[in-house]
Amino acid sequence: MFTAIFSSVEAGAIYALMALGVYLSFRILDFPDLTVDGSFVTGASVAAIMIVSGANPFIATMVALVAGFMAGCMTGLLHTKGGINPLLSGILMMIALYSINLRIMGKSNVPLLSEETVITKFSDFWTNLNIDQTIGSLFASIGLADYTPKTWGILLFMIILAFSIKGLIDAFLKTDIGLALRATGDNETMIRSFSANTDTLKVIGLGLSNALVAFAGALIAQYNGFSDVGMGIGMIIIGLASVIIGEAIFGAKNIVRATFAVIGGAIVYRIIVTLALRVEFLETGDMKLITAIIVVSALVVPKLVNQQKERQRKKKRLLESALRQNNSLEKSGEQLAAAKSDL
Amino acid sequence: MNSLLQLNQIYKVFNEGTPDEKIAINHVNLSLNKGDFVTVIGSNGAGKSTLMNLISGKMFPDIGQVKVDSQDVTTMKEHKRSRLIGRVFQDPMAGTAPSMTIEENLAIAYSRASSRGLSRGVTKKRREFYIEKLESLHLGLENRLQAKVGLLSGGERQALSLLMATFTDPKILLLDEHTAALDPSRAELITNLTRDIVNETNLTTLMVTHNMQQALDLGNRLIMMDSGQIIFEANEEEKSKLTVEKLLEEFQRIRGSKMSSDRSVLV
Numbered sequence: 001m002f003t004a005i006f007s008s009v010e011a012g013a014i015y016a017l018m019a020l021g022v023y024l025s026f027r028i029l030d031f032p033d034l035t036v037d038g039s040f041v042t043g044a045s046v047a048a049i050m051i052v053s054g055a056n057p058f059i060a061t062m063v064a065l066v067a068g069f070m071a072g073c074m075t076g077l078l079h080t081k082g083g084i085n086p087l088l089s090g091i092l093m094m095i096a097l098y099s100i101n102l103r104i105m106g107k108s109n110v111p112l113l114s115e116e117t118v119i120t121k122f123s124d125f126w127t128n129l130n131i132d133q134t135i136g137s138l139f140a141s142i143g144l145a146d147y148t149p150k151t152w153g154i155l156l157f158m159i160i161l162a163f164s165i166k167g168l169i170d171a172f173l174k175t176d177i178g179l180a181l182r183a184t185g186d187n188e189t190m191i192r193s194f195s196a197n198t199d200t201l202k203v204i205g206l207g208l209s210n211a212l213v214a215f216a217g218a219l220i221a222q223y224n225g226f227s228d229v230g231m232g233i234g235m236i237i238i239g240l241a242s243v244i245i246g247e248a249i250f251g252a253k254n255i256v257r258a259t260f261a262v263i264g265g266a267i268v269y270r271i272i273v274t275l276a277l278r279v280e281f282l283e284t285g286d287m288k289l290i291t292a293i294i295v296v297s298a299l300v301v302p303k304l305v306n307q308q309k310e311r312q313r314k315k316k317r318l319l320e321s322a323l324r325q326n327n328s329l330e331k332s333g334e335q336l337a338a339a340k341s342d343l
Numbered sequence: 001m002n003s004l005l006q007l008n009q010i011y012k013v014f015n016e017g018t019p020d021e022k023i024a025i026n027h028v029n030l031s032l033n034k035g036d037f038v039t040v041i042g043s044n045g046a047g048k049s050t051l052m053n054l055i056s057g058k059m060f061p062d063i064g065q066v067k068v069d070s071q072d073v074t075t076m077k078e079h080k081r082s083r084l085i086g087r088v089f090q091d092p093m094a095g096t097a098p099s100m101t102i103e104e105n106l107a108i109a110y111s112r113a114s115s116r117g118l119s120r121g122v123t124k125k126r127r128e129f130y131i132e133k134l135e136s137l138h139l140g141l142e143n144r145l146q147a148k149v150g151l152l153s154g155g156e157r158q159a160l161s162l163l164m165a166t167f168t169d170p171k172i173l174l175l176d177e178h179t180a181a182l183d184p185s186r187a188e189l190i191t192n193l194t195r196d197i198v199n200e201t202n203l204t205t206l207m208v209t210h211n212m213q214q215a216l217d218l219g220n221r222l223i224m225m226d227s228g229q230i231i232f233e234a235n236e237e238e239k240s241k242l243t244v245e246k247l248l249e250e251f252q253r254i255r256g257s258k259m260s261s262d263r264s265v266l267v
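Heads up: the sequence lines are chains W and L, in that order.
The letter at position 302 of the first sequence is residue 302 when you use the numbering used here, and the numbering goes up by one with no holes.
The letter at position 149 of the second sequence is residue 149 when you use the numbering used here, and the numbering goes up by one with no holes.
I should point out that these hints are in silico values taken from the structure, not numbers from a laboratory.
Some hints here could point you the wrong way.
Which residues of chain W face chain L? A partial, calculated answer using Cβ under 10 Å [as the list claims (entries may be wrong)]:
(1) S123
(2) T127
(3) K174
(4) A180
(5) A183
(6) G185
(7) T189
(8) I191
(9) S195
(10) T200
(11) G264
Just so you know, even glycine gets a beta-carbon here, dropped at the ideal spot from N, CA and C.
When you get a sec, could you build the whole thing from the sequences and use the hints?
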């Protein structure tokens with residue numbers, strides 16, 4: 001149980017990068033970008049095929065990121081220059097990428113199990129530090145030996161990576177370009193009257209968003225040990241789920257808080273899915289349905305809670321005003337009585 | 001002649017070749033000298049807003065030439081042209097980004113004239129400048145730098161829009177019925193603010209308004225538009241003698257004579 005949750009946090013931290021990408025397009029640019037389903041696999045397949053052909057895994061991951069950036073830019077160009085509706089340009093790009101991904105890999109699945117990847121490289125480096133043994137013996141000494149995961153390294157690496165990317169995004173969104181990007185999603189008329197080219201900003205924004213998504217795809221391929229042409233299906237919903245769950249739990253008062261919420265949401269989402277899959281009658285195939293239900297409840301439950309609160313507030317107010325009326329009646333009664341006794 | 005804005009023979013037609021064809025702007029010439037503050041009045045559909053859109057670059061004229069500070073900007077795109085032109089819209093929601101803070105909105109306006117890079121939008125130095133500018137509004141906004149603009153009232157947002165449109169010193173300021181959506185007291189506040197800011201910065205300004213009194217109170221020149229043409233023009237001296245009654249009379253006289261001439265054609 002513990003190890004299952006542990007590995008879901010690990011994976012959650014990687015998916016957080018993808019969720020940050022979705023946050024950029026969905027929340028900052030207000031552009032529901034379905035390219036994500038394709039660009040996630042693009043990242044995975046570019047990294048996988050390069051690693052298999054003997055490239056340095058770090059370089060392979062970087063190239064995957066650039067490939068994602070280009071895919072996002074294409075969606076942006078379809079929308080801004082081609083005048084195609086945002087949803088449709090994303091869907092078109094997603095479909096196109098399916099074939100492109102197959103072409104990149106040459107087949108539908110590329111295994112990476114015996115290859116040297118970013119993950120194995122880091123694991124080796126981590127093992128040499130001997131920290132796991134220290135923590136392991138610490139856990140064993142307090143009788144928690146059964147709850148010790150194999151390694152803390154990957155988790156730490158992923159969390160640090162997710163938070164550094166979050167830091168970069170936070171800083172970027174406060175620069176002059178970043179502010180213009182946010183205004184593009186907020187009020188296009190306004191930002192155009194302040195000499196910003198909204199077309200270019202949208203293309204850049206979608207590029208960055210999909211670069212992050214592809215980066216996450218490349219890492220997931222290396223983490224899971226394979227790249228598969230179908231691994232991106234429903235990715236946009238997972239991203240949205242992370243953003244929405246995160247905002248519901250952690251709030252989105254400002255950018256720093258919102259990006260933190262996205263990372264938190266991605267991890268919470270993974271944990272929920274892991275727990276759900278342990279329920280007896282649920283199968284792996286039910287995952288997409290579970291995801292849909294999670295997103296729907298994350299969207300609906302906060303509203304219901306608010307409505308309930310509002311109703312209670314109303315009731316209280318009604319009660320208070322009734323009490324006040326009673327009091328004033330009693331008071332006037334007393335005054336009458338006092339007046340009478342004066343007579 | 002140092003004219004900052006020049007419109008030469010501007011002509012714009014909508015839905016050309018269809019039964020809905022409408023000539024929005026019919027060979028308009030207009031020239032604004034440096035420091036001119038021109039108020040534009042006219043009935044609905046007279047072409048005032050179209051004129052604004054043609055100057056700001058939201059639309060391009062079918063014929064004619066737009067020049068800003070002797071530079072031909074006729075086909076320059078809106079976002080490029082807006083480096084030279086500040087604009088305040090009628091809708092108080094249109095000029096600011098609601099989910100961003102006051103200081104972030106100001107930062108966006110601040111970087112209007114330069115090309116945007118990766119430097120921070122709100123620095124300590126810049127924040128001091130924002131505070132100084134906000135103080136001139138006397139609305140207490142300088143104490144609410146971190147507040148989201150969506151929380152401000154319409155009047156406050158319009159005051160902020162006005163500040164944002166003017167503080168980078170554009171060549172031309174376009175005010176498009178910017179007080180029309182506000183209640184009378186707020187409208188007066190914005191009117192006074194407009195007068196102060198334009199006087200202080202000596203901005204070359206073109207203001208469209210429905211309010212004749214406002215058109216007379218503000219600015220040094222006045223033009224009246226009807227059916228896509230400038231039908232009446234008053235220079236500084238003439239404008240100082242005008243009253244709302246005289247303006248209405250003038251409007252009636254020109255329109256009346258025009259209508260009768262139309263009728264005579266029909267008869």
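For each hint, the structure was consulted:
1. For S123 of chain W, the interface hint is violated, the least distance from its beta-carbon to any beta-carbon of chain L being 35 Å, above 10 Å.
2. A least Cβ separation of about 38 Å between T127 of chain W and chain L goes past the 10 Å threshold, and the interface hint is therefore violated.
3. At a threshold of 10 Å, the smallest CB-CB gap from K174 of chain W to chain L is about 6 Å, leaving the interface hint in force.
4. Taking 10 Å as the C-beta cut-off, the interface hint given for A180 of chain W holds, the closest approach to chain L being about 6 Å.
5. Checking A183 of chain W against chain L: minimum C-beta separation of about 4 Å stays under 10 Å; hint holds.
6. Hint on G185 of chain W holds. Least Cβ distance to chain L is approximately 9 Å, under the 10 Å limit.
7. At its closest, the beta carbon of T189 of chain W sits 5 Å from a beta carbon of chain L; the interface hint therefore holds under the 10 Å criterion.
8. With 10 Å as the threshold, the beta carbon of I191 of chain W comes within range of chain L, its nearest partner Cβ sitting at about 7 Å, so the hint holds.
9. Of the supplied interface hints, the one on S195 of chain W holds, with its beta-carbon coming within about 4 Å of a beta-carbon of chain L, less than 10 Å.
10. About 9 Å separates the beta-carbon of T200 of chain W from the nearest beta-carbon of chain L, less than 10 Å, and the hint is met.
11. Taking 10 Å as the C-beta cut-off, the interface hint given for G264 of chain W is violated, the closest approach to chain L being about 21 Å.
In this structure, the earlier hints numbered 1, 2, 11 are contradicted, and the remaining ones agree with it.
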